[in-house]
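A.B. asks: The primary structure of each chain is shown beneath.
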Amino acid sequence: QSALTQPPSASGSPGQSVTISCTGTSSDVGGYNYVSWYQQHPGKAPKLMISDVSKRPSGVPDRFSGSKSGNTASLTVSGLQAEDEADYYCTSYAGSNNWVFGGGTKLTVL
Amino acid sequence: QVQLVQSGAEVKKPGASVKVSCKASGYTFTDHYMHWVRQAPGQGLEWMGRINPKSGGTNYAQRFQGRVTMTRDTSITTAYMELSSLRSDDTAVYYCGRDSTVTGNFDYWGQGTLVTVSS
Chain A
504 QSALTQPPSA
514 SGSPGQSVTI
524 SCTGTSSDVG
534 GYNYVSWYQQ
544 HPGKAPKLMI
554 SDVSKRPSGV
564 PDRFSGSKSG
574 NTASLTVSGL
584 QAEDEADYYC
594 TSYAGSNNWV
604 FGGGTKLTVL
Chain B
745 QVQLVQSGAE
755 VKKPGASVKV
765 SCKASGYTFT
775 DHYMHWVRQA
785 PGQGLEWMGR
795 INPKSGGTNY
805 AQRFQGRVTM
815 TRDTSITTAY
825 MELSSLRSDD
835 TAVYYCGRDS
845 TVTGNFDYWG
855 QGTLVTVSS
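Chains as they are written, first to last, in our numbering: chain A, 504 to 613; chain B, 745 to 863.
Honestly, the hints are just simulated from the structure, not real lab data.
Quick reminder that beta carbons are idealized off the backbone N, C-alpha and C, glycines included.
Some hints here could point you the wrong way.
What the hints assert, rightly or not - Derived, one-sided and incomplete: chain A residues facing chain B with beta-carbon distance under 8 Å:
# : residue
1 : SER539
2 : LEU551
3 : GLY606
One chain only, chain B, in its complex shape (with noise of 0.2 Å):
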């Protein structure tokens, strides 16, 4: 069964930088790009970007542009999305969501990374 387990929570002060892992595991990950959502808490979802595992090309909403990095390792099933510079209002939870479609249906999740920035 399609599973994606990301690491756990993350305290970071702010000017540092986080990386959240996303590992996935039931399918061909080569075949499916990989996106990246937030939420900070008591707010709505918000779309961070996306990686195409097989050729590792990146797509970026441009208010993280410059500040978010989306990579991965084929080797492992693996991944990885690294925010810097991160101030106060990054704090909150992070997620990976398998595109089934390339049109942008999440139709699986990974359980969630809470990252909190604070001083």
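In isolation and in its complexed conformation, chain A is listed as follows (with noise of 0.2 Å):
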């Protein structure tokens, strides 16, 4: 099983908006609805911020929005912030009880 494929790095100033591309194949990414996207800190565990391609759980602001378009999901941040420099990671259910990371995107507040 591949891993799906990230961007190595994206940037944006304070208050801009980016967006991080995962792109899989039609085994995983583009034949099923369960991407999740996680963003970690150095040093610290993967925190949920987007389930099954754009849910996005309570507390995760609102200015982290997911969508799926064929075997491509995204993850957007509107209103860069500081506290969103990180790595980002997304996962895909890729069937037969298995799954798959990105990557990881190491997003850049300028």
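Two chains, two frames, a set of hints: combine them into the complex.
C.D. replies: Pasting the structure below:
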């Protein structure tokens, strides 16, 4: 099972919006609406930010949103804030009771 | 409140095995799958497998088949992940994560356990 493809880095200035992509195949991202996104600060455990493509768990700011088109899922962070600087990972169900992560994207707030 | 508390750091020699525990509290342990994810130093997250605490049924990532064993003890609400035939590239932080919905949404995570494999 190959990892999902994410850009290694992304950046934006405070207040701007940034979108991070997560590209898979029809066997994972494109085949199921089971994509989730995680934020990870250095030395910390990941935190769930988006579940099932576009659902925002309680407590996650509405500046975070998720979507999917075909084999590519996306995480958009609007109104960037300094505390959004972190690594972001997508994951998708890949069939046969397997899951696969993306390689991660380092988001820098300029 | 939901908490997942993992066992402490381990140092192992190549070829040995390691068993990491994940103590769950604050919810009904058997109601949620538990997944295991690892992260090598400076690298991304890697899914290893999951266990159904109610039945004990497991699903493992293909690359770990034959080397990983996930178990649980419902009497003490603890999940375990044992990895055998350790190699240096198994050096990583190992996390347990609770699946909130069965569809792979890990809403609570343990603090991580660093396993170092070195001769």
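A.B. asks: Going through the earlier hints one by one, which of them does the structure break, listed in rising order?
C.D. replies: none
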